[in-house]
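The listed protein sequences correspond, in order, to chains A and B.
For reference, each letter of the first sequence is one residue, going 29 to 608 in the working numbering.
For reference, each letter of the second sequence is one residue, going 29 to 608 in the working numbering.
Wrong hints could be hidden among the right ones.
Same chains, same names: a pair is fine if it fits in one copy or spans any two.
To be verified - Here are the computed lysine-lysine pairs in the DSSO-like style, where the Cα-Cα straight-line distance is at most 30 Å:
# : residue 1 : residue 2
1 : Lys151    : Lys555
2 : Lys200    : Lys242
3 : Lys336    : Lys557
4 : Lys346    : Lys242
5 : Lys299    : Lys95
6 : Lys223    : Lys315
For the record, the hints were derived by calculation from the structure and aren't laboratory data.
Number of protein chains: 2
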Amino acid sequence: MDPNASPSLFDMQASETADAQAAKKAPEAETKRRATAQEMAEKQREISVSEFFTKNRHLLGFDSPLKGLLTAVKEAVDNSLDACEEAGILPEIAVEITETGADRFRIAVEDNGPGIVAEQVGKVFGKLLYGSKFHKLSQTRGQQGIGISAAVMYGQLTTGKPARIVSKTGKKSQAHEFFLTVDTARNRPDVHGEKVIEWDKDHGTRVEIEMEAKYQKGLRSVDMYLKQTAIANPHLTLHYQDPTFGKEGGSERVTYARSTKALPPETVEIKPHPHGVELGVLIAMLKETSCRSLSGFLQEEFSRVGPKVAEEICDTAKVSSKAYPTRIAREEASALHDAIQKTKISSPPTNCISPIGEELVLSGLKKEIEADFYVASTRPAAVYRGNPFLIEVGIAYGKPGGVGLELSEEGRITKKKTVIATEDLVGNADEPIRVLRLANRVPLLYQQSACAVTKSVIATNWKAYGLQQPKGALPIGPCAVMVHIASVWVPFTSESKEAIANYPEIQKEIRLGLQDCGRKLAAYIRKGKRLQAEFQKRSYIEKYIPHIGIALQEILDLSDKERDSTTGTLEDVLNKSRKF
Amino acid sequence: MDPNASPSLFDMQASETADAQAAKKAPEAETKRRATAQEMAEKQREISVSEFFTKNRHLLGFDSPLKGLLTAVKEAVDNSLDACEEAGILPEIAVEITETGADRFRIAVEDNGPGIVAEQVGKVFGKLLYGSKFHKLSQTRGQQGIGISAAVMYGQLTTGKPARIVSKTGKKSQAHEFFLTVDTARNRPDVHGEKVIEWDKDHGTRVEIEMEAKYQKGLRSVDMYLKQTAIANPHLTLHYQDPTFGKEGGSERVTYARSTKALPPETVEIKPHPHGVELGVLIAMLKETSCRSLSGFLQEEFSRVGPKVAEEICDTAKVSSKAYPTRIAREEASALHDAIQKTKISSPPTNCISPIGEELVLSGLKKEIEADFYVASTRPAAVYRGNPFLIEVGIAYGKPGGVGLELSEEGRITKKKTVIATEDLVGNADEPIRVLRLANRVPLLYQQSACAVTKSVIATNWKAYGLQQPKGALPIGPCAVMVHIASVWVPFTSESKEAIANYPEIQKEIRLGLQDCGRKLAAYIRKGKRLQAEFQKRSYIEKYIPHIGIALQEILDLSDKERDSTTGTLEDVLNKSRKF
Chain A
29 MDPNASPSLF DMQASETADA QAAKKAPEAE TKRRATAQEM AEKQREISVS
79 EFFTKNRHLL GFDSPLKGLL TAVKEAVDNS LDACEEAGIL PEIAVEITET
129 GADRFRIAVE DNGPGIVAEQ VGKVFGKLLY GSKFHKLSQT RGQQGIGISA
179 AVMYGQLTTG KPARIVSKTG KKSQAHEFFL TVDTARNRPD VHGEKVIEWD
229 KDHGTRVEIE MEAKYQKGLR SVDMYLKQTA IANPHLTLHY QDPTFGKEGG
279 SERVTYARST KALPPETVEI KPHPHGVELG VLIAMLKETS CRSLSGFLQE
329 EFSRVGPKVA EEICDTAKVS SKAYPTRIAR EEASALHDAI QKTKISSPPT
379 NCISPIGEEL VLSGLKKEIE ADFYVASTRP AAVYRGNPFL IEVGIAYGKP
429 GGVGLELSEE GRITKKKTVI ATEDLVGNAD EPIRVLRLAN RVPLLYQQSA
479 CAVTKSVIAT NWKAYGLQQP KGALPIGPCA VMVHIASVWV PFTSESKEAI
529 ANYPEIQKEI RLGLQDCGRK LAAYIRKGKR LQAEFQKRSY IEKYIPHIGI
579 ALQEILDLSD KERDSTTGTL EDVLNKSRKF
Chain B
29 MDPNASPSLF DMQASETADA QAAKKAPEAE TKRRATAQEM AEKQREISVS
79 EFFTKNRHLL GFDSPLKGLL TAVKEAVDNS LDACEEAGIL PEIAVEITET
129 GADRFRIAVE DNGPGIVAEQ VGKVFGKLLY GSKFHKLSQT RGQQGIGISA
179 AVMYGQLTTG KPARIVSKTG KKSQAHEFFL TVDTARNRPD VHGEKVIEWD
229 KDHGTRVEIE MEAKYQKGLR SVDMYLKQTA IANPHLTLHY QDPTFGKEGG
279 SERVTYARST KALPPETVEI KPHPHGVELG VLIAMLKETS CRSLSGFLQE
329 EFSRVGPKVA EEICDTAKVS SKAYPTRIAR EEASALHDAI QKTKISSPPT
379 NCISPIGEEL VLSGLKKEIE ADFYVASTRP AAVYRGNPFL IEVGIAYGKP
429 GGVGLELSEE GRITKKKTVI ATEDLVGNAD EPIRVLRLAN RVPLLYQQSA
479 CAVTKSVIAT NWKAYGLQQP KGALPIGPCA VMVHIASVWV PFTSESKEAI
529 ANYPEIQKEI RLGLQDCGRK LAAYIRKGKR LQAEFQKRSY IEKYIPHIGI
579 ALQEILDLSD KERDSTTGTL EDVLNKSRKF
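One chain only, chain A, in its complex shape (with noise of 0.2 Å):
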């Protein structure tokens, strides 16, 4: 950064005289003054950040009224949960959309939570880029505290109608009902009446929010999305009530009751773990830190640093570790960050990240996708950038409409018809099988071709496992695979949470977890296609047996009873025969 760099400089000046001599010269140049500095710094003003997603609001997935109507109620329904778990309530929630006009819906999301403080519901609904989930490491659906505000942001630009929100704290406490917009050019919240009002319920919360919005069935559907949660979330009882209710050959309100009562394990929250830390971050640390001593600040600050490992760090950065945390320079916190990379420092815990568990994706994936086969893998946690994350794979295989076979007890092959698998989540056999991909207990319903999880789908050699798959595409199948990320901080490709970023600790999980539940697919498919020609030929056996029977009759002239138990034998010979 010397001051007298850059020969350019001088270039610059020669050439730019001599331009500046032509341009005199070239009658069409205009290098005439159009704004001097000072009036363009008139012009320089702040930018709301309500103002800009206003603006580019497609970049929070409102960029359609389709999508627009699932984001706002996956916006709500991942703040119930996210609240009824932390504060430990099983978490109920009813879902309803009301066509309210042309292209004008409300959803309604209501839950059995904690409920919110009247002072807090304001910001809370009402401000951009607040909340309580941004600044911990810790497995929360939501993370950025825009999402619900944003919602209201875009039903008050559509119908310029307010949101309204019902809260109560508890039994003893009161219901108090708000309505409230955005005030996108301050990026505060408007509220404009708020009152107490009777509600029949110990505690919760209760948003409704009127928008332009279209409303469709479909892979990318609010139904895909509450049905998807359901199998995510097994301890969640939902009502759903879509915009047809009531309406002349509309449907029913339905209603997925939880298949569990246990809430999952309280998620904690950890601390940074030094390699994942940048030096810019970490000199912000030492800046902000109330710790007095180098070695302190290490230990209080990070997960994984014990007195030895901080003795350590400083040593190798040639740092005292009794220096004072907010004295240290640029230098010797580079030095710093140096020696922390270089130091060996065990992974950061991961009892922080709260997986599904084989056990309940698998009663998830049964109770909600009808199908022939299920296999559930949970991988152990691991580690990027210094986040922890675990990945779960489930998958459900069946042949919808297709014909099945069992071997029975006694070595019997019988035909059973399988059910038509769910239309939806488990395609035909000519299709690319269905992929689920969910992050934190949360569905992701578009992007899937930008996102890690597709990619690690298409990456695996399905053909090992006994489905067709083109080169470089999804394998086809009557078959859907669910990916499941948990971590304290999933890297979306975008505000809209709808992709996960590519990161290679995460696609290397994915795909050992792919290749785990592939291989058992494997054995289902391969025992499938055996028992389809064993059937083959026995049932050719089967058609002569009764002739042989007649035959020996004829020349050992036996009784008919001698000839049918003679035939018997030769059946149960046959059964028994072959082994699998």
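Given the coordinates of chain A, work out where chain B should sit on it, guided by the hints.
Relative to the frame of chain A, chain B by itself:
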């Protein structure tokens, strides 16, 4: 929004208590309180936009050292160009990248722009979401007021070092030097040192940022970005010094000299078009306006609204045109919004768009891409969501290393060896064509497949224009297609401004532009093929003409002179006879 809505409540109560009882029985049930609403409220707090983007910096294009380097240079150069054009100065910019250590580089971008007044420097470089371009509708490269501050932030995050900024606003004023970082927790600049220095330059700004980075040549390199910037900004003189400069076998400083001295016309700021405004925005505008009558408001705040149209809107909405804007109720605003949509309003002014122009696109392509054939087309301006935009397409077609044929004046066909087109811009005959994407004269290098431009190129039927094209893929051939979108608001798919969103209006214009150029390309390619065939035929005939000559000489016993003139005549006949 009637409070006594939703029967669901009651069902929930029921089933909830049912659950509660079950829970009591169930041993594994854990519904014990974990945190109360009050405890949770205490953890709620604001998140600064800088914290947000530090943690999510991949959203801004800083997800890898390789991309980080490009993004930083891009942001700095874009700002320099915008500033020069706004000030009416022919831009001359110097870019230097210097290696300062392992994976450490310092980028320096220096312009001859108007400079920045000292009081503003801090905020411009040290505060996210601050600038002059976000709030106005005009064609600028920058839009969001994030880019350059994000680059500074990335530098300090990875190296802990502050950015150095030198700025001078005029001959008579002094040059100021700043060292600054971003206070991410508060999203405001930390100025570590400001002093007046000597700078032998009339006016301009120099930015130096040191960062963890990776330098590489190739399709997505800084080199490529600068090359394309030169093509799209023929009025720019650009000096570039890459990190290998001065090293053993390193490259020289490159200078892209300007090919025109005419600045692009000044970008005009326009008012929003009524048809593009959303109800929520309309309500906000009504609240903020200083106009005293609705009619005045409509004419004042929107483009293309005169007294007649204003009246018409008010009548349709059944609202008095004399009404006081700030007193308009939501229902009336809603009626106004509907009325606006119903009213026929001429499409927005398009003089605010400044295209590069066919001529300059051609000269740009010719200057930087060596090929055999060039064509360009500028579409008339169109509108999406009330925003004017304009599409320009240019094609460079060459046969690298191949052999071309030319038709001489007198109709002789002559072989000509075509130059190898520069490796990176026109591919080989058996590779997919190269797509150069530009938005407001800024090259886009990442997320090609997600971009409306690429999608449109793929959707075009190139077989009709003489290129092979695999299904659903880019056509094959030694060809570069450049597409430029100019708009007062380019709809990017992410803050990193790498891909253009898929608006049907935009795709349509791109398609028309491509087809226009495609037809001309087709003519050229067909002609090439005809010449090829023709060349074969002729070479045969020409081979035999001498023999014919000798034969005639024997038959008609001509003198050698007569024979030669005869063969001469024959050849002329041959050349003239066949028409093209």
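How the hints compare with the structure:
When the C-alpha separation of Lys151 and Lys555 is checked against a cutoff of 30 Å, the pair qualifies neither within a copy, at 58 Å, nor between copies, at 68 Å. Proximity of Lys200 and Lys242 under a CA criterion of 30 Å is satisfied in neither setting, with 40 Å inside one chain copy and 61 Å between copies. For a Cα distance limit of 30 Å, the shortest separation of Lys336 from Lys557 qualifies neither inside one copy, at 59 Å, nor across copies, at 77 Å. Proximity of Lys346 and Lys242 under a CA criterion of 30 Å is satisfied inter-copy only: 28 Å between copies versus 63 Å inside one chain copy.
Taking CA atoms no more than 30 Å apart as the test, Lys299 paired with Lys95 passes between copies only; the shortest distance there is 29 Å, against 35 Å inside one copy. When the C-alpha separation of Lys223 and Lys315 is checked against a cutoff of 30 Å, the pair qualifies only between copies, where the shortest distance is 25 Å, while the shortest distance within a copy is 44 Å.
In summary, the numbered hints that this structure violates are 1, 2 and 3.
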